[in-house]
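Asks: Here's the letter readout for the chains.
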Amino acid sequence: MARDVESHIDTIKALGEVSVTAIKQAANVRVLPVSSTVIGTSEIERQGIESMKNVSGLAPNFYMPDYGSRMTSTIYVRGLGARIDQPVVGLNVDNVPFMNKDNYDFDLLDIERIEVLRGPQSTLYGRNTMGGLINIYTLSPLKYQGLRAMIEYGSGNSFKAGVSYYDRFNSRLAMSWSGYVATSDGFYTNDYNGADCGAEKQGSLRWKTLWRASDHVNIENVAALSLTRQRGYPYASIDTDQINYNDTCFYRRAGITDGLTVKWINDYFTLSGITSFQYLDDNMTLDQDFLPLEYFTLTQRRKEWALTQDVVARGSVGGYGWTVGAFGFFKNTDMSAPVTFKEYGIDQLIEKNRNEANPVYPIAWDEETFVLGSEFDNPVWGLALYHQSVYNLNRWNFTAGIRLDYEHAALNYRSHCNTSYTVYDCQHTTQLINPYMQKQVAIDESGSLDKSFVELLPKLSVSFDVTTRSKIYASVAKGYKSGGYNTQMFSDVLQQRIMQEMGMSAKYDVDDVVGYLPEKSLNYELGAHINCCGGRLKADAAVFYIDCRDQQLTVFPEGTTTGRIMTNAGRTYSCGAEASLSFVPDDNWSLNASYGYTNARFVDFNNGKQDYSGNRLPYAPAHTAYVAASYSVPVNASWLDRINFMVSCRGVGDIYWNEANEVYDPFYTMLGASVRFEQECYSLDVWGENLTNTDYKTFYFVSIGHGFYQKGKPMQVGATLRLNFETK
Amino acid sequence: MKALKSLMCFVALFAMMSCDNDDPIIKSVIEYYNCFNLVENQPANTSATFDSPHYVITQDHVTGEASVLMKNVKFAERMPAIDMLVKGLRYSTDKETGALLITGSEIVPVVDGKPYEDFVVTTFRCEIRDYGLAYLPDMSIVYTVNNVFRVTVIPTLTYFYGTTTVVNNTNQSVYETTDPVYKVVINPKGMTANITLHQARFAASMPPMNMVFKGVNVTPYNSGYDLKCDSLIPEIGDVPYPQYQVTNLVGVENFLNNMKLDFDCMGVYSVSAKLNSWPIVNQE
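The listed protein sequences correspond, in order, to chains A and B. All residue numbers for the first sequence refer to the working numbering, where the first residue is 1 and numbers rise by one. All residue numbers for the second sequence refer to the working numbering, where the first residue is 1 and numbers rise by one.
With the rest of the complex left out, here is chain B (with noise of 0.2 Å):
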């Protein structure tokens, strides 16, 4: 599983204002912008997705607090897109799971270099695992602005790995493996992803094979996404493979940072995948 680390990309993690290795970090900076938000407005019970916002989270080791930069963000459809920078925001680690928190609540951003009291951020949780120089950070952050919007920012791209069980229908062998890499990358526009199983295969004779999953419908909650299909043509170096059609997809992906994956291939495989992510937080 650590190996899969270096097939990720690295995380744009570097010290401010400080040059020399021997010099002390002053400031952390971790930018994260595949990702798109699902916004709730809780009152009126109602949702829509927003793409391409952009966060910018700082920690300030001197001062000890840390901000996050929104760019691009909006909460409602004819509201237009802002940048906004929260400040004032804490940061601890938690001791059950060691990741870093980044917690705050009733700031009011600032817009254009204003304070902007239209938009007060409620409350402001942003929860960073494995963090540190050396390792991706696994993050999720969750916000609400005014008490009214609730939202959830969803990564667009993520790998996933861990362990693969594949019953064979004809004979009821059972055949497990860790190898496959499991990308998930999501359009928000179309609310439709794209699976890619990297060193697929669902028996021991099988050679591997990376297969793609297109236009599987993905459905977001504020505690992780849906997918969803119920058949498609896999596509194997671009060319698609109808001996290889999946049906019955369905795959919960939660914020605790692990999927369930199901779905049948060539109405003779039933596979089962159980995995951990890691989204991936730059462009790659």
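Isolated chain A (complex conformation) (with noise of 0.2 Å):
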């Protein structure tokens, strides 16, 4: 539709005007030598998109499983991902960077535009940016003002609601305060409880405010606060298809962050500053084992605050402009993680295992739980410094950048336990009535680790315009993840204690176990960006290839079967294609379509009990497919300007879910479509998703020795009403 075509120019020339957005790179990212997808603001009313997961599939190659909690949330692009520790994908809301991918997943109002950014960032972006970047843009009130609100019903009793209020003071000040809250009973029950174990409450306020200082200095700041409380984790045992279990899986976060950006524009280069602070507050309690069982649980609670300062200078001279930049960062995690292992669990896992070994000197648990403690304190702190050139030469665009990045983590950490068995004396009978000894378990050690870490991340671009509005580019760049140490893997330092105690030892360094080196790749992509028939027809594509070394994996040390370690032992690649389309023939017809394929394997991995090389690599999906076509009706009536209707497919598939290709799913698709009436002042949607009612999984593992998955949501149908007051 023409108003598609013509809000996103608007979008491009408002934000050129008067945001202090796009600090890096050129506002319009399709001018840029990079795979992307832009997602504007109609597109983002229509699709219902409020968080990043409803990104998924919309972008090729980019896939955010919807599965666990807020927390758990992992994005893949172009077949790589990550589920614990490091991101592959950076995450910018209104220039802020994110700094824990636990936090990536919120909804967000008012959302502007959404850029996804495909292939190595790490030049001007930096750390734990290998597959992509991500940039959020919210509404500005210099742009609009006004009251707008929404509310929402829909499937699983979700409720959503939200206000945001946009006022100008006067020509330099501007000011937005929103907030918004929803909940829902999700679609999963548990069915030891009967408890909505998918169910869900969230609030956030944001405030956000503009001051054009001077004619030449431009300062924004954001701050926002969010809750969440989640009964999550609705995982089914592939055994019984049902989620049953007995103890309690939550999730809670609160989070606040700020950010102030201060932009100074002169006739030779804008020099710009980001400075933000983000808090992490959240827990974790899992019943780990996700049977009807008494295993184990897990509370896990983290404390983090983060300060970042960037400050970038950039700037013009003829066909030549520059880009030159430092940052800086600090980031502190205190977590305590204790898991318990409850009755079942000691008899099953400790006990059984122990006796088979010795019948005639049995040993039985003193108590009937016991807890192993784990605390950690880990400062993290980096400094990078960057540069780019572009040059422009008729037709061509040349672009070399080069980044310095030195990172420093530790980790101190306390591991403790303290419990007892007996050992029994069953010589000459079976029962357990002849105590031979008692043997404590008093384990308390703590230690301090360090690692640095100094990357250069190079990146070489060319580009040829082969009109004033097409293009096509080649470029390679490095993309890196950052080191550091994996504490969920301290249980295993403590199950070696423990055995150590019990007379069982195997060698082991703490370091080894739970330390990590940063993860390398390089990206070579091939791609155009098409505009033609007047700014109707957009078309994108891109061929890569991507070689990613020393890939953090968890193994089994050479000549051992128990105890892991991370290490970085994987090396794998990723090859495919991506491509998207939108066209807006008349002001009646708009179709977007996108797909993506990506084949990612591993070039090299042996856990030390099996060769993984030549499997393709696990959770990421094969292909991604988004087809939506839309029909306007003009009405004309003064209470409705036009009725639109939408019919849209996503597909995903095939997903392998674990390293060995055992258990795949194939190819899925899921209908969605749209009734949507529109007028100046508000716009109601009446929506379905997943209209087919799919059947699908959005992840799978297993946990000693059963297998559990998560199932796609169902069909839902719900209806958005939105208002907009916006004033002239």
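Just so you know, these hints were derived from the structure itself, not from any lab. These numbers were taken from a predicted model, which means no experiment stands behind them. Take the hints with a grain of salt, since some may be wrong.
Below 30 Å or equal to it, Euclidean Cα-Cα: the simulated DSSO-like pairs (lysine-lysine) are [as the list claims (entries may be wrong)]:
#, chain 1, residue 1, chain 2, residue 2
1, B, 274, B, 87
2, A, 451, A, 609
3, A, 53, A, 520
4, A, 53, A, 697
5, B, 214, B, 228
6, B, 214, A, 439
7, B, 274, A, 609
8, A, 352, B, 214
9, B, 214, B, 189
10, B, 95, A, 439
11, A, 143, A, 24
12, B, 95, B, 214
Not everything, but these chain B residues come out facing chain A in the computed CB check (under 7 Å) [claimed, not checked]:
#, residue
13, 209
14, 232
15, 236
Calculated Cβ distances over 12 Å to all of chain A for the following chain B residues [said to hold, decoys possible]:
#, residue
16, 33
17, 84
18, 188
19, 258
Ideal placement from N, C-alpha and C gives every residue a C-beta, glycine not left out.
Could you use the hints to bring the two separately framed chains together as a complex?
Replies: If you want it as structure tokens, here you go:
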């Protein structure tokens, strides 16, 4: 629709004039030699996009499955992803970099634009952007003034409501305030107790200030508070297809962010400073076996805060443009993660194995439960310098960039366990009536580890302007994912210690078990951005090859079968193609489509037990597909401007669920549709998702020999009313 | 193998009369007290063992001489234990092995500050291998007194390392590993030994274990000692494991610093270990 094209163009122009956004790159990412997807306001509203999960599948080769909780959400781009610790995709919201991927999944009101950049962005954005970068920009009060509200009700007793007020006090100062709440009973029931185990409540507040301090200085500050409480983790047993576990599972999170951007513009260059503060306080409590049995539970409590500072200067002289910047950050995490072993777990995992080896002197634990305690303090800081040059020579554009990145990670840990068991003499009886000896297990160990990493991150690209609005490009860039410490491995460390107390000992070094080095990749890409037919047709295409080395994996050390360690043991490659199309043939029709294909495999991965070389990388889909057609019927009544009908189809798959490629789900599709009634001051969407009620999995894993999965959401229907009272 | 030195105790090797790092070392001292004496009465063709001797070997780098203070030594049952100082020993380096040799002959020791002519150290030989500040010495001491008593000093605590080969008798598969460390602790009073196998494993799929074989019979010789036990129940974590019964244990240790140890386990595994020794000269 013409409205869509105009709104998209208006957005870009408006941003270039008055907003401080797009600090490090051009406001319109489609002019850059990078594979990108830009989702504008109207698409965001029509698709009901409030979080990045809703973008999954819209952008080719971008997949963010919905499983577990808002902490466990993982992003996969071109086959690269990470379930734990460091992410492969960076996230900026209004230029504020989010430092922890566990905080990536949240709902956001009034998103104006989402950019998904695929391929390494490490030269300009540094750590953990090996797979790409997501930029989210929210509506600016300098561009829009008025009152906006939304209310939505849908399947699963899901309710959302938000209100935002945008005011421009004078030509230089504007503010906006928004509040949002959402609740849902979810779509899953725990058969053990009948509880809604996908239920969620969340709320957020946001305050945005834009101040044109002078003709040369623009200042923007965005402060946000978000609260989330989920009864999550609706994992069903693959044996019974039932969600059935007896201990509490929930996730609670409180987050505070504040980002201050100051931009100074003069005739020769712009100088920007982005300062951010982030605080995260969360609690993940799990029935770790997800069975109706007393195995073990985990309660992970974390308090984390981070400061970042980015200083960027950009300028141009003739056909030469340059960017120079410096970045620094400090992040500190305090965490406790005790695992409570319960009666059945002690019996099955400890006593049974031990007594099979020695039935004449069996053991019995003296307590029904005991705790493996772990506390960590994890400070990380880093500094980086970067530069990028762009040279335009007629229709050729050459880009070269380099980043020097230094990072230091430390871990102060304490692992402790205080319990006991009794050895019985059963030489002459099978009953536990003759104690032989009592053994105390008193472990209290502390230590400190630290690592430093230095990375040089270059990139080169060349593009050719086929027309004034179409280009082809080639690029090569290096990306990297930080090293650090996997605190989840401390349960393995404590297990080794307890086995030592029982006379079974394996040699291990704590640093070897929990520490890992950076992962690196080289991305080679050819692509094109095409605009034609007066802007009515836009197409993007790219082919890529990624060589990923020193992949962070858990393995069993050579010659052992117990005690995993973190290591940089893997090498993978990912190659594929992606394409997207947007066609607005006339004022009524609009067509959008995207497709991504990724062939991501292990080149080299032996975990000490099995060799997975040649297997597909798990969890990342081979294909993503999206197609949507919408037709708008003008009504031109005073209370109704138009009715818009949209049909869409998303497809994802094949997905392999483990490194051995033994479990997989084929490609599946989901149908969506909506009818939108639109007028200047309101819009009412009646929508349906997964109208085909496709059965699919979003996650699969194995725990203590049992397979579990999370089912995707079933068919959902609902209605969303948006009110828009813009002041002129 | 070198890494195993990290398991060993450090040597009490210190410089006397020199506190400044830049000053040359004037004297070097080694103390050896985890040991017992095997005393052979050569004319009578009898032998006896006496525990808890203590040897302090001093090298004087100024004079080029060495001395040995032998504490709590005796050569016959009815003889009281004495401390005697043997001075005037020479030290040199064995050109073939690089070992430090301390030798002497026909030396009248000093007891209570006076020459003690009742016992003449007819011959004395102490060999120290890998001697140096960074290394744990591998040491042997043999001496004769009055040409009658031949004394061999045998360590009571020794760590052995090397290659352990395991044959699974049910399928004849062979598993080889260099991970296990063998600790032999000899009780000279009862002439038995406890052998601890650290990181013992008889198959790749087995978790490593610390197994203790208690009450192994020890027969000392002037060239080493034998270990023997027909059957024992090993302990793991201080708990007997009858299923892992050990049978036919035979070990031969010689003072060329190697040992061969063979035994069967569970009636399934035949274990053969070829090892080298690092005797511990100080208390753990």
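Asks: If a hint holds in the structure, say so; if it doesn't, say that too.
Replies: Hint-by-hint comparison with the structure:
1. At most 30 Å may separate the alpha-carbon atoms for a hinted pair to count; residue 274 of chain B and residue 87 of chain B exceed this at roughly 38 Å.
2. Between residue 451 of chain A and residue 609 of chain A, the direct Cα distance comes to roughly 28 Å. Compliance with the 30 Å bound is thereby established for this hinted pair.
3. A hinted pair counts as satisfied when its Cα atoms are at most 30 Å apart, and residue 53 of chain A with residue 520 of chain A qualifies at roughly 26 Å.
4. Only pairs whose Cα atoms come within 30 Å are accepted, and residue 53 of chain A paired with residue 697 of chain A is accepted, the gap being roughly 15 Å.
5. For the hint linking residue 214 of chain B to residue 228 of chain B, the alpha-carbon distance of about 11 Å falls within 30 Å, and the restraint holds.
6. Our distance criterion of 30 Å between C-alpha atoms is met by residue 214 of chain B and residue 439 of chain A, whose separation comes to about 20 Å.
7. At most 30 Å may separate the alpha-carbon atoms for a hinted pair to count; residue 274 of chain B and residue 609 of chain A meet this at roughly 29 Å.
8. A threshold of 30 Å between alpha carbons decides the hint, and for residue 352 of chain A with residue 214 of chain B the separation of about 27 Å falls inside it, so the pair holds.
9. With a C-alpha separation of about 15 Å, the suggested pairing of residue 214 of chain B with residue 189 of chain B holds against the 30 Å cut-off.
10. Taking the CA atoms of residue 95 of chain B and residue 439 of chain A, the gap is near 53 Å; set against the 30 Å cutoff, the hint is violated.
11. Between the alpha carbons of residue 143 of chain A and residue 24 of chain A the distance comes to roughly 21 Å, so the proposed pair stays at or under 30 Å and holds.
12. Between the alpha carbons of residue 95 of chain B and residue 214 of chain B the distance comes to roughly 40 Å, so the proposed pair goes past 30 Å and is violated.
13. At a threshold of 7 Å, the smallest CB-CB gap from residue 209 of chain B to chain A is about 5 Å, leaving the interface hint in force.
14. Given the 7 Å rule on beta carbons, the hint for residue 232 of chain B is violated: about 15 Å separates it from the nearest Cβ of chain A.
15. A distance limit of 7 Å between C-beta atoms decides the matter here; for residue 236 of chain B the minimum to chain A is near 4 Å, and the interface restraint holds.
16. Chain A leaves residue 33 of chain B outside its interface by the beta-carbon criterion, the shortest separation being 29 Å against a cut-off of 12 Å.
17. The beta carbon of residue 84 of chain B is kept farther than 12 Å from every beta carbon of chain A, the shortest such distance being approximately 44 Å.
18. With a closest Cβ-Cβ approach of about 27 Å to chain A, residue 188 of chain B is found to remain outside the 12 Å limit, as its non-interface label requires.
19. Every C-beta of chain A lies more than 12 Å from that of residue 258 of chain B, the closest at about 24 Å, which supports listing it as non-interface.
Going down the numbered hints, you'll see the structure goes against 1, 10, 12, 14, while the others check out.
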